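Number of protein chains: 2
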Amino acid sequence: MIEADDREDVRITFEDLKSLLRAIFVSSGTSLDTAYILAENCAGCERDGALSHGIFRMPGYVDSLRSGWVSGQAVPAVERFGPSFIRIDARNGFAQSALASADPMIRRAVRETGIAIAAIRNSHHFSALWPDVEPFAVDGYFAMTMVNGLANVVPHGGRQAVFGTNPIAFAVPVECSGPLVVDQATSVMANGEVRLHALAGKAVPNGTGVDRDGKPTTDPHQILAGGALNTFGGYKGSSIALFVEILAGAVTGGQFSFETDFTGFPGAQTPKAGQLLIVIDPSWGGSANFTSRMALLCRQLLDAGQDRLPGARRFANRAASGRSGIPVKASDLQRLRLMACDQNTQT
Amino acid sequence: MIEADDREDVRITFEDLKSLLRAIFVSSGTSLDTAYILAENCAGCERDGALSHGIFRMPGYVDSLRSGWVSGQAVPAVERFGPSFIRIDARNGFAQSALASADPMIRRAVRETGIAIAAIRNSHHFSALWPDVEPFAVDGYFAMTMVNGLANVVPHGGRQAVFGTNPIAFAVPVECSGPLVVDQATSVMANGEVRLHALAGKAVPNGTGVDRDGKPTTDPHQILAGGALNTFGGYKGSSIALFVEILAGAVTGGQFSFETDFTGFPGAQTPKAGQLLIVIDPSWGGSANFTSRMALLCRQLLDAGQDRLPGARRFANRAASGRSGIPVKASDLQRLRLMACDQNTQT
Chain X
595 MIEADDREDV RITFEDLKSL LRAIFVSSGT SLDTAYILAE NCAGCERDGA
645 LSHGIFRMPG YVDSLRSGWV SGQAVPAVER FGPSFIRIDA RNGFAQSALA
695 SADPMIRRAV RETGIAIAAI RNSHHFSALW PDVEPFAVDG YFAMTMVNGL
745 ANVVPHGGRQ AVFGTNPIAF AVPVECSGPL VVDQATSVMA NGEVRLHALA
795 GKAVPNGTGV DRDGKPTTDP HQILAGGALN TFGGYKGSSI ALFVEILAGA
845 VTGGQFSFET DFTGFPGAQT PKAGQLLIVI DPSWGGSANF TSRMALLCRQ
895 LLDAGQDRLP GARRFANRAA SGRSGIPVKA SDLQRLRLMA CDQNTQT
Chain F
595 MIEADDREDV RITFEDLKSL LRAIFVSSGT SLDTAYILAE NCAGCERDGA
645 LSHGIFRMPG YVDSLRSGWV SGQAVPAVER FGPSFIRIDA RNGFAQSALA
695 SADPMIRRAV RETGIAIAAI RNSHHFSALW PDVEPFAVDG YFAMTMVNGL
745 ANVVPHGGRQ AVFGTNPIAF AVPVECSGPL VVDQATSVMA NGEVRLHALA
795 GKAVPNGTGV DRDGKPTTDP HQILAGGALN TFGGYKGSSI ALFVEILAGA
845 VTGGQFSFET DFTGFPGAQT PKAGQLLIVI DPSWGGSANF TSRMALLCRQ
895 LLDAGQDRLP GARRFANRAA SGRSGIPVKA SDLQRLRLMA CDQNTQT
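As you go down the protein sequences, you meet chains X and F in turn.
Per my numbering, residue 595 is the first one in the first sequence, and the count goes up by one each step.
Per my numbering, residue 595 is the first one in the second sequence, and the count goes up by one each step.
Note that these hints are calculated values from the structure, not bench results.
Incorrect hints may appear among the rest.
Same chains, same names: a pair is fine if it fits in one copy or spans any two.
[To be verified] The list that follows gives simulated cross-link-like pairs (lysine to aspartate or glutamate, EDC-like), each with its CA atoms no further than 20 Å apart:
no.	residue 1	residue 2
1	809	897
2	796	813
3	809	901
4	923	673
5	923	897
6	923	610
7	809	610
8	796	609
9	923	603
10	923	609
11	923	733
Please read all numbers here as calculations on a predicted model, not as lab measurements.
Just chain X, with the same shape it has in the complex (with noise of 0.2 Å):
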């Protein structure tokens, strides 16, 4: 992880950088809706310190909406296919515009039946998964979801790539406490991780990946040039990641990671995938007091030495942006000026 402290510059706040991002969606094709939804999820990410997911991905979101590969007009179809069951087609545009067009079907399913299932078919899923849960737990709710993407993960005893990095997130509140939220490749390292140790110049670990000719590499560009990442934790991790590949892939409906293929779009970058989200009130599960019982949980994991709850530096660096502005290289911020007004000149 490349901390927030390497690239401070200047200050944005995260109403600007919004405004930013937006006028560069729209200028790239999209609707407004789909342009708001994007902006509030890529300037997220870079409050929040997650930067492999915040305004280094702008110039592959405004490349793949150029190719025509992915739509940003899209009006997802969501049907509440039975009373916890909603399937959503995103109609070849984001997740995240499928996701918060069905959102208030989801919160009525969970709330008249205590679990709610979303499968996406159709989609293409560019960002982190974190802002597709939190939200959930923090109004109370258990949420998981996971997506695949473009094979650049060969499974355990492989050769080949045949999974995405199929990143898992989940989400659950806890008393007196911010959600404690985990979102994670199965891969060892993100893609977007090996992007920033190539631009940085940066070699990877050991064990991180392998060459196009299934040799192991610490050069992010070899993984990047037709090589491929390892999974996480050997045999175990690989089965997370066919467990998302089955989940995302198979069970929405979408394609699996092997079957992008961006022939005919040059620029494109974002994986047509799938997502599932499943969403659980634990008020029904037999817990009288279940943000008590987290609370008794996360205490137990600080005593015993654990230095840190999934998504602390997160809401740690969401505070810091919040007080003082959410550092940007002034040449990044310079870039995205641009890219608003090359866009503009181009429509």
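Starting from the known structure of chain X, arrange chain F on it as the hints suggest.
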């Protein structure tokens, strides 16, 4: 994994082994229903070469039942709390009995709504998880489950045990093939495997666990005697262990792994925790041909060089046991017969 071939000696049929185990359970004080369920489960593990949950576990079952810690007569209370939401109070009995009681309701819920969640509390689980999910996959459903246990696993970065070995399992149907079934502890090694290593006098690999002072050790006896296991896959595996602890221990209204207190129950070994099960009908999710999609994914994994699909070894062992009987050490078989006899004498 200690292989079936290591201890081949005599052969017993699945039916005969089940009868013998049933006699032991009944004479240890279980109801006939519970005896049938646990014998089927334990004999099935032995048959499939899942030896760490086979007949090796019988003394632990018997001692736990005789200690009064777990009830072999418990009648679970099953409630359909919502169209998709089933909650079960196992009433201090075995989770497998609770699940069997709820099975018709779970199947009705998934048929009617496409998803079922079963939250089991006040339950003991002393076996593998694959028997709890495989039958759903055989019937065309995706199923996942998880249980927490006894605190014997250190969270990543910590010094004291908080988690149980917290296994997670999932099963999924595959066209023209047996189901794909994953069952794995979130510790580096399953506790039963550590015990098999201790019995065999074999050291465990580096990184498996720590002694009672939190120092790394490869001595299985040190790990079992007040020491603890590590989670698999560093902090990411630790997050998966946390995921299991939250869903199985808290969402169900069960106990956390660190809350088990055997005091007053000498001989007790079964963890009193919780279990969560989610079953999904993939035909509700947006895929018109789910099982053939799964076949495509399996072919891709094999083509990428993965040498074996999850569950395949157990299925091969099962087929071999069906042809020529289950291989068991003569001395183990004699011990089982004496256990049944010994218990009968006492009651």
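Within a copy, between copies, both or neither: where do residue 809 and residue 897 come within 20 Å Cα-Cα? between (42 Å within a copy, 18 Å between copies)
First find the shortest C-alpha distance between residue 923 and residue 733 inside one copy, then the shortest across copies, and answer within, between, both or neither for a cut-off of 20 Å. Classified as neither: same-chain Cα gap 34 Å, cross-chain 56 Å, threshold 20 Å.
One pair to classify: residue 923 and residue 673, alpha carbons no more than 20 Å apart. Within, between, both, or neither? Result: close neither inside a copy nor across copies, 43 Å intra and 57 Å inter.
Within, between, both or neither: how does the pair residue 923, residue 609 come out at a Cα-Cα threshold of 20 Å? within (17 Å within a copy, 71 Å between copies)
Under a CA distance limit of 20 Å, which applies to residue 809 and residue 610: within one copy, between copies, both, or neither? neither (45 Å within a copy, 51 Å between copies)
For the identical chains here, do residue 923 and residue 603 meet the 20 Å Cα criterion within one copy, between copies, both, or neither? So residue 923 and residue 603 pass the 20 Å test inside one copy only (5 Å; across, 71 Å).
Should residue 923 paired with residue 610 be assigned to within, between, both, or neither, using CA atoms and 20 Å as the limit? within (15 Å within a copy, 73 Å between copies)
One pair to classify: residue 796 and residue 813, alpha carbons no more than 20 Å apart. Within, between, both, or neither? Classified as within: same-chain Cα gap 8 Å, cross-chain 39 Å, threshold 20 Å.
Tell me, please, which holds for residue 923 and residue 897 at an alpha-carbon limit of 20 Å: within, between, both or neither? Neither, since 38 Å and 45 Å both go past 20 Å.
Measure nothing new, just compare the shortest in-copy and cross-copy C-alpha distances for residue 796 and residue 609 to 20 Å and report within, between, both or neither. neither (33 Å within a copy, 61 Å between copies)
20 Å Cα threshold - placement of residue 901 relative to residue 809: Classified as between: cross-chain Cα gap 18 Å, same-chain 35 Å, threshold 20 Å.
Of the numbered hints stated above, those contradicted by the structure are hints 4, 5, 7, 8 and 11, listed in ascending order.
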